[in-house]
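Chemist: Make the full structure from the sequences, and use the hints.
Given next are the chains, with one letter for each unit.
Number of protein chains: 2
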Amino acid sequence: MTEVDLRLDARWLIPIVPPGTLPNHSLLVKGGRIIAIAPTALAARDFTATEHVRLSSHAILPGLVNAHTHAAMSLLRGIADDVPLKTWLADHIWPCEQRFVSPEFVYDGTLLAAGEMLLGGITCCNDMYFFPDAAAGAYRASGMRAMIGLPVLDFATPYAADVDGYLHAGLAARDTWKNEPLLSFSLAPHAPYTVGDAGWTKIIVYARQLDLPVQTHLLETEDERAQSLALHHVAPLQRLHHLGATGPAFIAIHAVHVDGDDIEILASQSSHVIHCPTSNMKLASGIAPVAALIKRGINVALGSDGAASNNRLDVFAESRLAALLAKIVTGDASAVPAATALKMATLNGACALGLDREIGSLEPGKQADVISVDLGSFAHAPCYDPISHLVHVTGRDQVTDVWVAGARIVAGGMLARLDARDLAQRARLWQDRIEKR
Amino acid sequence: MTEVDLRLDARWLIPIVPPGTLPNHSLLVKGGRIIAIAPTALAARDFTATEHVRLSSHAILPGLVNAHTHAAMSLLRGIADDVPLKTWLADHIWPCEQRFVSPEFVYDGTLLAAGEMLLGGITCCNDMYFFPDAAAGAYRASGMRAMIGLPVLDFATPYAADVDGYLHAGLAARDTWKNEPLLSFSLAPHAPYTVGDAGWTKIIVYARQLDLPVQTHLLETEDERAQSLALHHVAPLQRLHHLGATGPAFIAIHAVHVDGDDIEILASQSSHVIHCPTSNMKLASGIAPVAALIKRGINVALGSDGAASNNRLDVFAESRLAALLAKIVTGDASAVPAATALKMATLNGACALGLDREIGSLEPGKQADVISVDLGSFAHAPCYDPISHLVHVTGRDQVTDVWVAGARIVAGGMLARLDARDLAQRARLWQDRIEKR
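Residue numbers (our numbering), protein chains in the order written: chain A, 1 to 437; chain B, 1 to 437.
Treat the hints as calculated values from the structure; they're not laboratory data. The model shown is predicted, which means the values in this text are computed figures rather than measured ones. Heads up, the beta-carbon is just placed ideally off N, CA and C, and yes, glycines get one too. You may find that some hints are simply not true.
[Unchecked claim] Label pairs and their calculated CB-CB ranges:
id, chain 1, residue 1, chain 2, residue 2, range
1, A, His52, B, Ser334, 49 to 55 Å
2, B, Thr194, A, Gly297, 38 to 44 Å
3, A, Ala156, B, Asp259, 50 to 56 Å
4, B, Thr87, A, Ser56, 31 to 37 Å
[To be verified] Interface residues of chain B toward chain A, partial, derived using beta-carbon atoms under 10 Å:
id, residue
5, Ser74
6, Ala80
7, Gly120
8, Gly247
9, Pro248
10, Leu283
11, Leu324
12, Thr330
13, Phe378
14, Tyr384
15, Val393
16, Gln425
17, Ala427
18, Asp432
[Claimed, not checked] Below, in silico cross-link-like pairs of lysine to aspartate or glutamate (EDC-like), each with a Cα-Cα straight-line distance of 16 Å or less:
id, chain 1, residue 1, chain 2, residue 2
19, B, Lys436, A, Asp385
20, A, Lys86, B, Asp332
21, B, Lys86, A, Asp332
22, B, Lys30, B, Glu358
23, A, Lys436, B, Glu358
Modeler: Written out as structure tokens, the structure is:
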């Protein structure tokens with residue numbers, strides 16, 4: 001008998017790698033890592049576990065990865081609906097941020113978002129917002145895994161004055177938190193149109209020196225290409241490519257209006273695309289050519305974007321919508337089948353963040369970032385294929401338990417480390433302040 | 001003090017008519033009907049209630065109307081994903097139906113669907129399936145309101161042999177159940193391409209004699225127009241219009257590939273369109289021009305379609321998707337704002353079914369079909385606008401209580417008249433049979 005810390009017996013185990021569903025299998029965890037996967041009958045024979053959880057009507061799968069969000073914007077959830085990106089930013093979001101964003105805002109908003117994401121089965125996110133130091137503190141309190149983007153803009157905000165200021169503050173935050181096992185960092189120039197060549201050049205130097213990924217909003221709206229051609233005489237992605245930004249640690253967020261040349265750059269550089277279907281639809285930005293990107297071999301992951309343009313942080317919903325959108329855009333009902341959508345929500349997110357050796361699938365040796373989804377309700381019956389059900393039938397509300405690095409941080413649908421009443425109270429206080437503006 | 005049966009005190013009351021949100025208002029119910037709406041302070045002064053329910057963090061609103069479904073197909077939920085409509089029907093659904101559909105299948109499948117819909121805040125649906133007699137029995141057992149389509153096809157199925165057979169069986173079912181207060185009936189020729197002119201002519205005669213609405217699948221896929229032009233030398237809707245099918249009791253389901261002429265017919269005839277966004281995307285059928293239909297004054301309601309092509313019966317999800325799709329199709333982020341999406345999910349459904357004098361809004365005199373949605377979780381906070389939250393943030397899982405004609409049939413998220421374990425058991429038995437095929 002091998003001693004382990006945790007044994008999960010699941011009705012279905014969906015490892016992502018290899019593809020498919022393992023009925024009546026168990027996951028064995030020791031020291032926060034998966035050490036074995038076995039049929040439950042064999043697990044019972046070969047392992048003795050300190051903690052043993054029976055999930056008799058559940059699927060267990062890797063925790064979802066929300067590969068693009070602005071977590072603290074949860075405090076602006078639904079503050080401005082039914083307006084396009086430019087108006088939404090210029091008339092609503094930026095003025096509100098200018099007035100309210102502070103380390104306290106970011107800590108409270110990130111804590112709220114982490115609680116929402118964890119309850120919905122998201123064990124890791126890729127964040128991009130001001131005051132990353134405050135965000136890091138919130139993630140540590142929540143027990144969630146996160147890659148924190150260190151934002152850079154050419155213009156001043158309450159967080160920093162200029163490119164050097166952003167980089168200085170961001171790298172200081174990284175220095176503070178770099179030994180936290182669940183946190184990692186990237187450089188996050190906001191977009192090609194908000195950071196000039198000088199800024200990009202500095203960012204690329206730091207990224208190489210410190211071995212940090214670079215994430216940026218790319219071609220979210222149609223006019224970005226024309227604007228770049230007018231100002232820089234080169235298309236946005238070509239410009240970043242010439243500056244040296246692209247490569248396997250380059251994360252292109254949205255990539256709605258990429259053309260054939262852009263796709264070739266992304267593919268040849270082994271760069272990543274984060275598809276944010278709800279946000280792109282809600283702001284009427286356009287639809288990323290996901291089927292074409294996948295066909296060309298580009299890694300496509302999923303993001304909720306911030307709660308101000310979604311208005312929920314729900315990767316189950318994004319996976320369903322990604323599957324539906326790909327079908328309607330291509331006119332091919334076989335585009336993005338359920339298994340692909342679920343891989344986009346898990347392993348592809350891990351790949352984009354450079355964390356695929358640690359998370360994104362249930363494989364021996366990887367971190368035990370695991371979620372349990374109850375498929376037992378009559379409202380989800382019958383269940384001919386659990387993978388199809390995870391994408392098309394259930395939702396985040398069916399997540400019962402969440403483990404990050406083997407620690408159970410959601411148990412029976414309740415947060416273990418965060419206090420739901422405290423989170424509601426923090427949200428209420430910020431809502432009162434913001435409504436009085 | 002006026003005596004009433006039921007008083008609901010809600011944090012927000014969303015009547016749909018008039019538009020907007022009433023904070024801290026109460027709904028007063030007597031004899032199954034709404035008799036007043038008042039600020040809670042005044043309701044406490046003026047009314048004494050047999051039952052008093054405090055919904056301190058909830059929005060109450062009219063029950064949702066699922067204006068197109070094939071309820072019994074819940075038993076085929078997820079049986080064939082990622083295939084287009086024609087393959088889906090010809091290779092998967094029709095053979096399975098031919099083998100299994102029976103009154104028992106329809107009763108069990110409809111009961112399962114009714115349970116799912118009620119838990120998700122749907123108080124009324126517009127059904128279309130074989131063995132409507134069995135469906136009616138299931139709806140009565142559930143306590144749900146339904147309009148039951150009496151199906152007609154030119155070809156034989158396990159239910160009937162030919163047009164006369166379908167009409168005979170359907171009208172007999174109507175005779176059996178026509179005095180049930182929560183049930184109503186329509187004639188449901190499957191589609192222009194599956195019922196010939198002779199069949200349509202008979203259906204139209206019966207519809208006029210018996211004052212029944214006519215519902216049909218219309219232009220769900222692109223080839224229907226060419227096929228009709230080749231066979232009938234006229235476009236599908238023009239054909240039905242010439243035969244006399246259109247008018248204010250004509251319900252066009254899907255209407256994906258309507259052109260300008262079709263839109264003029266629908267508008268001039270005051271006919272209705274049922275938009276089924278998930279199903280249309282999942283089968284890659286296309287996207288109905290909802291914004292154009294609404295602009296032309298056509299009543300557009302929402303449907304889930306059957307669980308075999310969705311794979312859930314969730315009008316909250318359809319309302320969100322309708323809003324998002326309209327924005328992306330038009331490139332206008334202000335298309336189908338949240339209030340419009342919520343009206344599509346409630347009053348517009350009631351209008352399409354000819355039931356808008358009875359249901360679809362919270363107005364004195366109407367039936368008390370009411371649902372309560374808890375917006376109090378931190379995961380939905382902050383809440384700047386409850387209507388936006390109902391469409392973009394919450395989901396069916398936040399529905400706590402459901403009343404139909406004043407009777408509470410979901411209480412605290414639990415079905416009052418149906419047994420969840422019995423429903424799961426029925427689904428399991430059918431799944432076993434179908435998987436052995």
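Chemist: Determine for every hint whether it applies to the structure shown.
Modeler: Hints versus structure:
Taken as a hint, the range 49 to 55 Å holds for the pair histidine 52 of chain A and serine 334 of chain B, whose Cβ atoms sit roughly 54 Å apart. In this structure, threonine 194 of chain B and glycine 297 of chain A meet the distance hint of 38 to 44 Å, their C-beta atoms being roughly 43 Å apart. Separated by about 52 Å at the C-beta atoms, alanine 156 of chain A and aspartate 259 of chain B satisfy the suggested range of 50 to 56 Å. A C-beta distance of roughly 35 Å is found between threonine 87 of chain B and serine 56 of chain A, which places it inside the suggested range of 31 to 37 Å.
The interface hint given for serine 74 of chain B is met, as the beta carbon of that residue sits about 8 Å from the closest beta carbon of chain A, less than 10 Å. Residue-level restraint check for alanine 80 of chain B holds (minimum Cβ-Cβ distance to chain A is 9 Å; threshold 10 Å). At a threshold of 10 Å, the smallest CB-CB gap from glycine 120 of chain B to chain A is about 8 Å, leaving the interface hint in force. Nearest Cβ of chain A to the Cβ of glycine 247 of chain B: about 31 Å, over the 10 Å cut. The hint is violated.
The beta carbon of proline 248 of chain B is not positioned within 10 Å of any beta carbon in chain A (closest approach about 30 Å), and the interface hint is therefore violated. A cut of 10 Å between beta carbons decides the hint on leucine 283 of chain B: the least distance to chain A is about 5 Å, and the hint holds. Contact between leucine 324 of chain B and chain A, as hinted, is supported at the beta carbon level, the nearest pair being about 4 Å apart and thus within 10 Å. Below 10 Å, beta-carbon pairs count as interface contacts, and threonine 330 of chain B has one with chain A at about 7 Å; its hint therefore holds.
A cut of 10 Å between beta carbons decides the hint on phenylalanine 378 of chain B: the least distance to chain A is about 4 Å, and the hint holds. Given the 10 Å rule on beta carbons, the hint for tyrosine 384 of chain B holds: about 5 Å separates it from the nearest Cβ of chain A. For valine 393 of chain B, the interface hint holds, since its Cβ comes within 10 Å of a Cβ in chain A; the closest pair sits about 5 Å apart. Residue-level restraint check for glutamine 425 of chain B holds (minimum Cβ-Cβ distance to chain A is 8 Å; threshold 10 Å).
Checking alanine 427 of chain B against chain A by beta carbon gives a least distance of about 3 Å; that is within 10 Å, so the hint holds. Proximity of aspartate 432 of chain B to chain A holds as hinted, the smallest CB-CB distance being about 9 Å (cut-off 10 Å). A distance of roughly 15 Å separates the Cα atoms of lysine 436 of chain B and aspartate 385 of chain A; the hinted pair therefore holds under the 16 Å criterion. Restraint check for lysine 86 of chain A and aspartate 332 of chain B: the C-alpha separation of about 12 Å stays at or below 16 Å, so the hint holds.
Simply put, lysine 86 of chain B and aspartate 332 of chain A have alpha-carbon atoms about 12 Å apart, close enough for the 16 Å limit, and the pair holds. For the hint pairing lysine 30 of chain B with glutamate 358 of chain B, the CA-to-CA distance comes to about 15 Å; that is within 16 Å, so the pair holds. Proposed proximity of lysine 436 of chain A and glutamate 358 of chain B is contradicted: the alpha carbons are some 40 Å apart, above 16 Å.
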